[in-house]
Amino acid sequence: MNLFNRFILRIKKSTNLRNTSSFAETMELSDEILPSIYTRETDPVYHNESHLNKLYNIPSKDCATILSHGLMNQYKIQLKIFNEMSILIRKPSIELLSYLSKSDYAKPVNKYVIYGECGSGKSTLLYHLLHYGYNTNKIIVYVNHAQYWFTKPKEIKYSEIERNIIDLPIDTRIWLDKFKLLNNHILCQANIKLSKSYKWGTGANFPKDSSLIDLINFGIDQTRYASEIVAALVNELKQASRIGLCNVLVLIDNYNIFFSHYTQIKNSLKKFALTSEFSLTQNFLEITKSDWCNGQIIVTVDTAVNKDRQESHLPRYLLTKEGFEHLDPFLPINVENYSEDEFYTMIDYYKHKKLIRSLTSNGEKELKLLSGYNPYKLMDLCKHL
Amino acid sequence: CRSKESIRCYSVFPKHYTKPIFRKEEQDELVTNEKFQAATYLSFKPACIDETSSEFYDPLVSKFINYLIKQGKKSSARYLLERAFLSIKMIQLQAYNSCDSNDKEKIELDPKVILRNAVENAKPVMELTQIKRAGQVYKVPIPIDSRRSRLLAIRWLIQAAKEKTRTDFLYDRLAHELIQAHNNQGRTIKKKQELYKQCQANKSYAHFRW
Amino acid sequence: MVVLVFSQLIAFKHVKPGGCTYNLLMRINNNLNNGCLYSTEVSKKIDANDLDANENTKMSKAMKAYLERAKAYDDFIKTEENNYNLGKLHLSNMMGVKSTNFTQIDVDKAIRYLFPSGLYDKKARPIMKHPKDIFPVKKAAQFDSTGRPYHSMFYTTKPHYYKALYDVVECMHLLDATEDKLIKNDNHILVPIDLSNSQWVNQENLEGLLVEKISTEQEYFISSIEKLCQHPLANDVKDFIMIYRKLKQSVMQNSTIPELMYDSNNRPYILVTDCMRKNARGEVLVIGQGSGKITVNGLPMVNYFKNLQEREQIIFPLHFTDMMDRVDVEARITGGGPSGQSGAIRWGIAWALRSFVDLNMIQKMKVAGLITRDWRIRERKKPGQEGARRKFTWKKR
Numbered sequence: 001m002n003l004f005n006r007f008i009l010r011i012k013k014s015t016n017l018r019n020t021s022s023f024a025e026t027m028e029l030s031d032e033i034l035p036s037i038y039t040r041e042t043d044p045v046y047h048n049e050s051h052l053n054k055l056y057n058i059p060s061k062d063c064a065t066i067l068s069h070g071l072m073n074q075y076k077i078q079l080k081i082f083n084e085m086s087i088l089i090r091k092p093s094i095e096l097l098s099y100l101s102k103s104d105y106a107k108p109v110n111k112y113v114i115y116g117e118c119g120s121g122k123s124t125l126l127y128h129l130l131h132y133g134y135n136t137n138k139i140i141v142y143v144n145h146a147q148y149w150f151t152k153p154k155e156i157k158y159s160e161i162e163r164n165i166i167d168l169p170i171d172t173r174i175w176l177d178k179f180k181l182l183n184n185h186i187l188c189q190a191n192i193k194l195s196k197s198y199k200w201g202t203g204a205n206f207p208k209d210s211s212l213i214d215l216i217n218f219g220i221d222q223t224r225y226a227s228e229i230v231a232a233l234v235n236e237l238k239q240a241s242r243i244g245l246c247n248v249l250v251l252i253d254n255y256n257i258f259f260s261h262y263t264q265i266k267n268s269l270k271k272f273a274l275t276s277e278f279s280l281t282q283n284f285l286e287i288t289k290s291d292w293c294n295g296q297i298i299v300t301v302d303t304a305v306n307k308d309r310q311e312s313h314l315p316r317y318l319l320t321k322e323g324f325e326h327l328d329p330f331l332p333i334n335v336e337n338y339s340e341d342e343f344y345t346m347i348d349y350y351k352h353k354k355l356i357r358s359l360t361s362n363g364e365k366e367l368k369l370l371s372g373y374n375p376y377k378l379m380d381l382c383k384h385l
Numbered sequence: 001c002r003s004k005e006s007i008r009c010y011s012v013f014p015k016h017y018t019k020p021i022f023r024k025e026e027q028d029e030l031v032t033n034e035k036f037q038a039a040t041y042l043s044f045k046p047a048c049i050d051e052t053s054s055e056f057y058d059p060l061v062s063k064f065i066n067y068l069i070k071q072g073k074k075s076s077a078r079y080l081l082e083r084a085f086l087s088i089k090m091i092q093l094q095a096y097n098s099c100d101s102n103d104k105e106k107i108e109l110d111p112k113v114i115l116r117n118a119v120e121n122a123k124p125v126m127e128l129t130q131i132k133r134a135g136q137v138y139k140v141p142i143p144i145d146s147r148r149s150r151l152l153a154i155r156w157l158i159q160a161a162k163e164k165t166r167t168d169f170l171y172d173r174l175a176h177e178l179i180q181a182h183n184n185q186g187r188t189i190k191k192k193q194e195l196y197k198q199c200q201a202n203k204s205y206a207h208f209r210w
Numbered sequence: 001m002v003v004l005v006f007s008q009l010i011a012f013k014h015v016k017p018g019g020c021t022y023n024l025l026m027r028i029n030n031n032l033n034n035g036c037l038y039s040t041e042v043s044k045k046i047d048a049n050d051l052d053a054n055e056n057t058k059m060s061k062a063m064k065a066y067l068e069r070a071k072a073y074d075d076f077i078k079t080e081e082n083n084y085n086l087g088k089l090h091l092s093n094m095m096g097v098k099s100t101n102f103t104q105i106d107v108d109k110a111i112r113y114l115f116p117s118g119l120y121d122k123k124a125r126p127i128m129k130h131p132k133d134i135f136p137v138k139k140a141a142q143f144d145s146t147g148r149p150y151h152s153m154f155y156t157t158k159p160h161y162y163k164a165l166y167d168v169v170e171c172m173h174l175l176d177a178t179e180d181k182l183i184k185n186d187n188h189i190l191v192p193i194d195l196s197n198s199q200w201v202n203q204e205n206l207e208g209l210l211v212e213k214i215s216t217e218q219e220y221f222i223s224s225i226e227k228l229c230q231h232p233l234a235n236d237v238k239d240f241i242m243i244y245r246k247l248k249q250s251v252m253q254n255s256t257i258p259e260l261m262y263d264s265n266n267r268p269y270i271l272v273t274d275c276m277r278k279n280a281r282g283e284v285l286v287i288g289q290g291s292g293k294i295t296v297n298g299l300p301m302v303n304y305f306k307n308l309q310e311r312e313q314i315i316f317p318l319h320f321t322d323m324m325d326r327v328d329v330e331a332r333i334t335g336g337g338p339s340g341q342s343g344a345i346r347w348g349i350a351w352a353l354r355s356f357v358d359l360n361m362i363q364k365m366k367v368a369g370l371i372t373r374d375w376r377i378r379e380r381k382k383p384g385q386e387g388a389r390r391k392f393t394w395k396k397r
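Residue numbers (full-length UniProt numbering), protein chains in the order written: chain A, 1 to 385; chain B, 1 to 210; chain C, 1 to 397.
Any given hint could be a false lead.
Below are the DMTMM-like pairs computed for lysine to aspartate or glutamate, each with C-alpha atoms no more than 25 Å apart in a straight line [stated by the list, open to error]:
no.: 1; chain 1: A; residue 1: 353; chain 2: B; residue 2: 82
no.: 2; chain 1: B; residue 1: 74; chain 2: C; residue 2: 386
no.: 3; chain 1: B; residue 1: 164; chain 2: B; residue 2: 194
No lab work stands behind these hints: they were computed from the structure. The structure presented is a predicted model; accordingly, all values stated were derived computationally and were not measured.
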């Protein structure tokens, strides 16, 4: 008779966010015998080559915080059906984790650009690193759906302070809120003080040495100052890292959107704006500069977000000359489609989770050919089989 | 040139071309029945664009997709049904994961089986036709062909899904309808039962069939 | 046609299933020979001199005219045949081929070359064939100068048809007799008759065989001869039955399967150049000793075809023949849309796989409909209608 520690499934909706990030609490299966596709090592700090080609679960208590920025649709579905957030440990993630653990934080920041075919697992890699950053008490600056800022923003405001700059107050406030959720425990611990005073109007007055947390809270309350506060936040984080108060991990998904020429928003001159005319873009370009230390910058580039650049998935092409010069020097990391072993692991995983029933060997060959070993396409196929 | 002859001659394949047998199981049956040799001398039409010999092919799923097509957009219809299958899986897996091990066997996790059962349960055995006798139109219950009953079942299932509240996506509504029909509940089954009641009520006119 | 059959029967003369059958067949031979065709031997009996000589005997005008007509027809056919042979000689000279090697196929090719025609109907184009293929077969004189018919069943007005029926019955009696003998001896191996590779001749062909007009009698004849086929010893009279059967086309007869070619790495490959479906045109290269890589226009298949249906179609022939991980495919395709392109590639792969796979699997592919070309194209719009089939809205006034 097996005894499990089980928690009742609950769908939890975060109420103070416009974007409902709904996720289920995971089930604890601590006493059960795990199948060979899993590994019990749930701390990415300790992941190494021996854990290659295995799945690990993000512990349920950390799930809520780590995934506060919201998940991709695929993973939302996975979380709902499988009751767990499990990530496959692959070669590029082991590589990156080893670089992160061995880098010299006294030197200027290292930059990594993750590239690969559409659907090959770049965002998943970022989730892995997110977990790593969380476990190593870093402040994580995470951007994962920047493309919606330039196509379906909640509100557009032409900036009063600077000419030709477009603010997205509500989106900025939402991002600040998520940032706070993700990093709350570290911010309270680190107790960062402002290095200079900021004033944007009556009531928006922050003298030097006031707390960073107060600044963030103010930004969440007062939407109209949110954009300026994010700019200030970026500056402060860089300064704090230089001093050594904290370690910052910058994870930006689909970074090449910031260099795209295609948006659906019109600027004050009634023409379609470039992405460089947004305050949010400027902030995240600022944080990816090399003028600070004690941090890491990891960035993905994807063809899916750049509508005018679709021919290649390589970083130099997608980043454009501007982006390349901005980000240079960086280390490119290639995320490939599944290998044979990884393919079989994922099939076994889906069978274990009862997403698909048993397959014949012909069926497996078919899946290989139909999906082309692409992780996204494989999941897409198995969803309806 | 509107004669029947000329319209028929537009059909590219002559009359003696037969429908192909593209499933491996059916071909093996032919071999065991010793009819395979005779079949090799026939002429066969090419297999349709949605027919394959793979194990993931189901003729009922194919038919269902065809009934969902609007304005010739088959890819949209196919996406709809596949997404409905995913919704079915989500609902069933949630139920599966939250119930006791005794009840686990009762929950069906294969969406194709659920579809098959739903269509089977929704198939009516008889329907009403209008027959005119002495100037009056009577509704007479008659038995129906299996193909027509399958048509009615699928059509009702899709209509029932479309009639539901518009706030959910069609694939979710379809998924719910299929699961309910699989459990012999829901709008489609109710519609079938109502049809049977009407047939029962009009039983006395059944002799008008001849 | 009957001449051919006659020669066939001669060939079978030496095959001896049983002594009785041989005699029967010889008798059928002779019956067929008598007065069935415009054989020149018959007309020899009716010479012009004979006619004059027999003027004394009372011959009605009608009969005389009839005999003259028969002779005239024979002469006509003879001259036509001479002309044809002469023409064939000239043609072979023109084309520079030895006249002994000049077959009918060569004649057809030569005519197509020398008289190119743009006419749509093939039957309207210039032809040069042996007179027996062009002119309808006529029965020769049915009776001699005295008016006595040659055929015993002449007065049934369909002598050959009724003779055929009698032959069927004779075969039945023969088989029954052999069966009785075998029951006594009990040492014959029963070989059931195999008629799966042939089908009954249709009305047109039967009329040609019997040189008589048949309308409703064909069904009766076929049902009678089917009863003969159901006899357990029917195999003994198979030669007789096959006269009235037409062989069906099988897989091998349609086209020759190309040999595998080898490239620089010694890998076998087949290139199919005429893949088409709807408006898509292209070529498919199937390379053996592969691992299942499928490329379309330089891109992996998974990236080129967005929809699952197209990918499934391309994999269909590979899955059916179990060659999914044994073969690489490179396709170059232009025109059309996704369905057309994937359909064309599917046909190309199946056509190429014929060389990689044994005959049994090719037959299975044919039954599965993989090898048939899909000739369906978009139907044209007609004038007076809104589309191909859709008519304009009918307005009462």
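For this session: Compare the distance between the alpha carbons of residue 74 (chain B) and residue 386 (chain C) with 25 Å, and conclude whether the hinted pair is satisfied.
Result: holds, 23 Å
Exercise. Does the alpha-carbon distance linking residue 164 (chain B) and residue 194 (chain B) stay inside the 25 Å limit?
Worked result: holds, 19 Å
Exercise. Given the proposed pairing of residue 353 (chain A) with residue 82 (chain B), does the C-alpha separation stay at or below 25 Å?
Worked result: holds, 19 Å
Of the numbered hints given earlier, the model fails none.
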